[in-house]
Amino acid sequence: MIELAVKDLAKHYGAIKIFENISFDIKTKDRAALIGRNGTGKTTLMKLLMNKETYQNGSIFIRKGATLGYLDQIPDYPEHMSAIDVMMEAFLELTEMQFKLTELEEKLARGEELEKYMKIYGDLQHQFEVKGGYSIQEKISKICEGLKISSEMRQKSFNILSGGEKSRIILGKILLENPDILLLDEPSNHLDLSSIEWLESFLSDYDGTVLMISHDRYFLERFATKIIELEEDKASEYEGNYEFYIKERDRRFEEAMNFYNAQQRKIKKMEEQIKRYRIWGAMRDSDKMYVRAKELEKRLSKVEKIDRPNNESKKIKLNFAGARSGREVLDIKNLSKSFENQNLFKNLNLKVYYQDQIGIMGDNGTGKSTLLKIIMKEIEADSGEFKLGSKVEIGYLPQEVYFDNEEQSILDFFYRYFNITMSQARNILAGALFTEDDVFKKIKNLSGGEKSRLKLAVLMEEKVNFLILDEPTNHLDLDSREMLENSLTGFNGTIAFVSHDRYFINKMATSLAEIENKKLTSYIGSYEYYKLEKAKRAAKAIVKEEVVLKSDSINKLNYEEQKEIERQDRKKKKRIEKIELEIEKLEKQKLIIASEMEENSTNAGKLNELVGNQELCDEEIMNLMEEWESLTD
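In our numbering, the protein residues as written are 157 to 789.
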């Protein structure tokens with residue numbers, strides 16, 4: 157059943173066109189993701205669906221009786237409302253029923269028309285129970301635990317909360333409302349990794365339909381069942397997750413290029429034929445040839461010309477020729493830091509070596525960005541020390557990139573900053589995809605992704621060899637994230653970064669360091685390896701606890717029964733260890749395949765073979781993981 161559909165939708169702000177000819181539909185229980193470059197009107201489209209703005213052309217259909225819930229990017233509430241008041245708005249109907257039940261209880265206590273009010277009270281109480289009135293606090297507790305909304309935060313005035321806290325409160329309110337159609341604008345913003353994974357699980361079990369805007373590619377890959385790519389003049393639908401979208405987008409582009417090239421060949425052939433007819437007509441003084449030329453011209457004019465497809469991925473090409481650092485880049489020993497009697501971390505130890513790409517992870521408030529600032533010498537640690545290695549040159553890419561004079565154009569800033577010629581500046585900037593008239597843009601008018609690219613170009617020209625990145629993909633659209641990743645893959649130095657972008661972490665990290673319970677734990681591998689290792693450690697802890705709990709009951713069994721249980725446990729443990737070794741072996745094999753794919757990037761036949769091998773590895777890992785989970789349950 158179609159829950160929501162738009163047909164030929166167009167939106168303008170005065171003379172400025174946002175989009176037009178937008179058509180798509182969303183069916184019951186779809187988990188649809190709306191993607192597109194920043195500025196294509198994704199949030200505007202959400203507001204049109206919620207009737208918060210008007211549109212110029214087209215139509216919007218929403219199933220009759222369907223309720224909608226919308227996560228607004230900028231929530232607005234009166235001064236007097238606390239955070240819990242905002243969340244309780246999800247239960248306005250139930251709150252009203254509860255008030256009426258209290259009134260009826262008072263009347264019954266006074267003995268007023270007992271028979272009449274007992275009937276009304278019974279009916280109302282039944283409705284209240286059916287609609288979940290007695291589980292309000294349980295629902296609130298579940299949502300608050302998942303989104304890490306503390307009891308202290310719930311009591312604060314909504315308007316004094318930070319932007320991230322407000323977003324979590326509003327998200328909690330919308331989830332509590334349980335609408336038929338859930339509209340979410342960047343739901344994973346301001347959530348740490350554990351909360352994002354909780355949200356994924358919650359939404360996967362959600363009874364309704366979901367349409368969300370998200371730049372979280374890992375989230376889209378695991379959660380989305382449909383991708384809608386919004387462009388200025390169309391919306392393209394892809395029935396699958398993010399991985400399917402990437403493959404299908406490339407297939408469609410190749411198909412469109414084939415159609416375009418075929419038509420270009422046909423047009424060229426017709427134009428050459430027209431030219432020949434005219435030459436022959438002139439040479440032979442033949443009206444017949446001129447007539448044929450005109451007929452062919454008429455046919456050519458009626459050909460509906462296909463625009464050249466424009467989906468070629470642009471690659472950033474920056475000069476990474478910085479001096480190599482020593483083997484040991486960073487050595488942290490017993491580092492501790494507290495703020496206002498709140499201990500963030502204690503006795504952290506970490507070594508970073510040349511060409512490591514280490515992701516620093518942890519929940520919000522665990523001190524990840526603080527650790528980066530200590531390394532950058534912006535703040536001091538309470539105790540402990542860190543030492544940079546030989547010839548280390550640090551380059552810092554912050555969450556929000558600013559320049560001293562943003563009134564300058566990109567070109568003026570760059571050639572003056574490095575005291576080079578305009579021609580040299582343009583060549584370097586072209587590598588960062590600032591070409592033609594782009595270089596004359598004022599820095600203040602650049603998007604977040606463009607500023608990050610410009611800053612990266614500066615860092616590369618400064619010949620840094622140790623990049624420190626703080627949430628580098630925040631506020632970037634999908635294209636900009638891919639561009640950033642492409643630029644970093646050519647960097648031959650060392651990278652340390654903080655990020656909540658699991659796709660970025662999985663692609664970039666060679667190792668991970670997690671701050672948890674004020675301590676730091678290292679994992680040598682990607683994000684997928686980290687998840688597997690965390691699950692293994694959690695399972696071992698549970699097994700250990702179960703062994704202790706079972707010890708008393710085991711002692712009551714006879715000797716033969718005990719021996720059989722022990723034999724089965726040993727067999728099970730041996731198989732678990734073998735599976736873990738096989739998984740580690742396959743993960744290493746995948747790294748070798750990835751390396752071979754880079755070496756054979758221009759060999760299509762070899763690439764297809766390597767992709768097939770990689771898929772076989774993934775399939776084997778999934779099968780082993782399923783067996784591992786069944787053994788550790």
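Keep in mind that the hints are not guaranteed to be accurate.
To be verified - Okay, derived cross-link-like pairs now, EDC-like style, lysine to aspartate or glutamate, Cα gap no bigger than 16 Å in a straight line:
(1) Lys185 with Asp336
(2) Lys295 with Asp361
(3) Lys728 with Glu783
(4) Lys741 with Glu765
(5) Lys663 with Asp512
(6) Lys256 with Glu285
(7) Lys696 with Glu733
(8) Lys295 with Glu261
(9) Lys692 with Glu740
(10) Lys663 with Asp241
(11) Lys173 with Asp389
(12) Lys304 with Asp279
(13) Lys734 with Glu783
(14) Lys312 with Asp241
(15) Lys185 with Glu387
(16) Lys502 with Glu536
(17) Lys690 with Asp279
(18) Lys744 with Glu771
(19) Lys687 with Asp519
(20) Lys607 with Glu562
(21) Lys741 with Glu672
(22) Lys287 with Glu321
(23) Lys304 with Asp519
(24) Lys220 with Glu261
(25) Lys298 with Glu356
(26) Lys275 with Glu261
(27) Lys173 with Glu388
(28) Lys403 with Glu393
(29) Lys287 with Asp241
(30) Lys533 with Asp626
(31) Lys675 with Asp519
(32) Lys696 with Glu736
(33) Lys256 with Asp241
(34) Lys422 with Asp406
(35) Lys304 with Glu294
(36) Lys607 with Glu536
(37) Lys502 with Glu672
(38) Lys597 with Asp568
(39) Lys507 with Asp538
FYI, nobody ran anything at the bench for these hints, they're computed from the structure.
Each hint tested on the structure:
Restraint check for Lys185 and Asp336: satisfied, since their Cα atoms lie roughly 9 Å apart, inside the 16 Å limit. For the hint linking Lys295 to Asp361, the alpha-carbon distance of about 15 Å falls within 16 Å, and the restraint holds. Using a Cα cut-off of 16 Å, the hinted pair Lys728 and Glu783 holds, with the two alpha carbons roughly 11 Å apart. Among the hinted pairs, Lys741 with Glu765 is inconsistent with the structure: their alpha-carbon atoms are about 20 Å apart, more than 16 Å.
Annotation: proposed proximity of Lys663 to Asp512 holds, straight-line Cα distance about 13 Å (limit 16 Å). In summary, the hint linking Lys256 to Glu285 is supported, as the alpha carbons are separated by about 14 Å, within the 16 Å threshold. Restraint check for Lys696 and Glu733: satisfied, since their Cα atoms lie roughly 11 Å apart, inside the 16 Å limit. Straight-line distance between C-alpha atoms of Lys295 and Glu261 comes to about 25 Å, which puts the hinted pair past the 16 Å bound.
Taking the CA atoms of Lys692 and Glu740, the gap is near 12 Å; set against the 16 Å cutoff, the hint holds. With a C-alpha separation of about 41 Å, the suggested pair Lys663 and Asp241 falls outside the 16 Å cut-off, and the hint is violated. Straight-line distance between C-alpha atoms of Lys173 and Asp389 comes to about 10 Å, which keeps the hinted pair within the 16 Å bound. Between Lys304 and Asp279, the direct Cα distance comes to roughly 37 Å. Violation of the 16 Å bound is thereby established for this hinted pair.
A threshold of 16 Å between alpha carbons decides the hint, and for Lys734 with Glu783 the separation of about 11 Å falls inside it, so the pair holds. Proposed proximity of Lys312 and Asp241 is supported: the alpha carbons are some 10 Å apart, at most 16 Å. Distance check on the hinted pair: Lys185 and Glu387 sit about 25 Å apart at the alpha-carbon level, beyond 16 Å; violated. Proximity of Lys502 to Glu536 is assessed by CA-CA distance (about 14 Å); at most 16 Å being required, the pair is judged to hold.
For the proposed pair Lys690 and Asp279, the alpha carbon gap of about 50 Å is over 16 Å, so the pair is violated. Proposed proximity of Lys744 and Glu771 is supported: the alpha carbons are some 14 Å apart, at most 16 Å. Of the pairs offered as hints, the one joining Lys687 and Asp519 holds, with about 15 Å between alpha carbons and a cut-off of 16 Å not exceeded. A threshold of 16 Å between alpha carbons decides the hint, and for Lys607 with Glu562 the separation of about 10 Å falls inside it, so the pair holds.
Simply put, Lys741 and Glu672 have alpha-carbon atoms about 28 Å apart, too far for the 16 Å limit, and the pair is violated. At roughly 29 Å between alpha-carbon atoms, Lys287 and Glu321 are farther apart than 16 Å, so this suggested pair is violated. This hinted pair checks out: Lys304 and Asp519 have alpha carbons roughly 10 Å apart, not beyond 16 Å. For the given pair, Lys220 sits about 37 Å from Glu261 by alpha-carbon distance, which is inconsistent with the 16 Å threshold.
A hinted pair counts as satisfied when its Cα atoms are at most 16 Å apart, and Lys298 with Glu356 qualifies at roughly 14 Å. A threshold of 16 Å between alpha carbons decides the hint, and for Lys275 with Glu261 the separation of about 12 Å falls inside it, so the pair holds. As the CA atoms of Lys173 and Glu388 are separated by approximately 8 Å, the hinted pair is consistent with the 16 Å bound. The hinted pair formed by Lys403 and Glu393 meets the criterion: a straight-line CA distance of about 13 Å does not exceed 16 Å.
For a cut-off of 16 Å, the pair hint linking Lys287 to Asp241 is broken: about 20 Å separates their Cα positions. Restraint check for Lys533 and Asp626: the C-alpha separation of about 15 Å stays at or below 16 Å, so the hint holds. Restraint check: the Cα-Cα separation between Lys675 and Asp519 comes to about 12 Å, which is no more than 16 Å; the hinted pair holds. Between Lys696 and Glu736 the alpha-carbon distance is near 13 Å, which keeps this suggested pair within the 16 Å criterion.
With a C-alpha separation of about 19 Å, the suggested pairing of Lys256 with Asp241 is violated against the 16 Å cut-off. Of the supplied pair hints, the one linking Lys422 and Asp406 is violated, its CA atoms being roughly 24 Å apart against a limit of 16 Å. Proposed proximity of Lys304 and Glu294 is supported: the alpha carbons are some 15 Å apart, at most 16 Å. With a C-alpha separation of about 28 Å, the suggested pairing of Lys607 with Glu536 is violated against the 16 Å cut-off.
Taking the CA atoms of Lys502 and Glu672, the gap is about 11 Å. The hint holds against a cut of 16 Å. As the CA atoms of Lys597 and Asp568 are separated by approximately 10 Å, the hinted pair is consistent with the 16 Å bound. Between the alpha carbons of Lys507 and Asp538 the distance comes to roughly 19 Å, so the proposed pair goes past 16 Å and is violated.
Violated hints, in rising order: 4, 8, 10, 12, 15, 17, 21, 22, 24, 29, 33, 34, 36, 39; the structure is consistent with all others.
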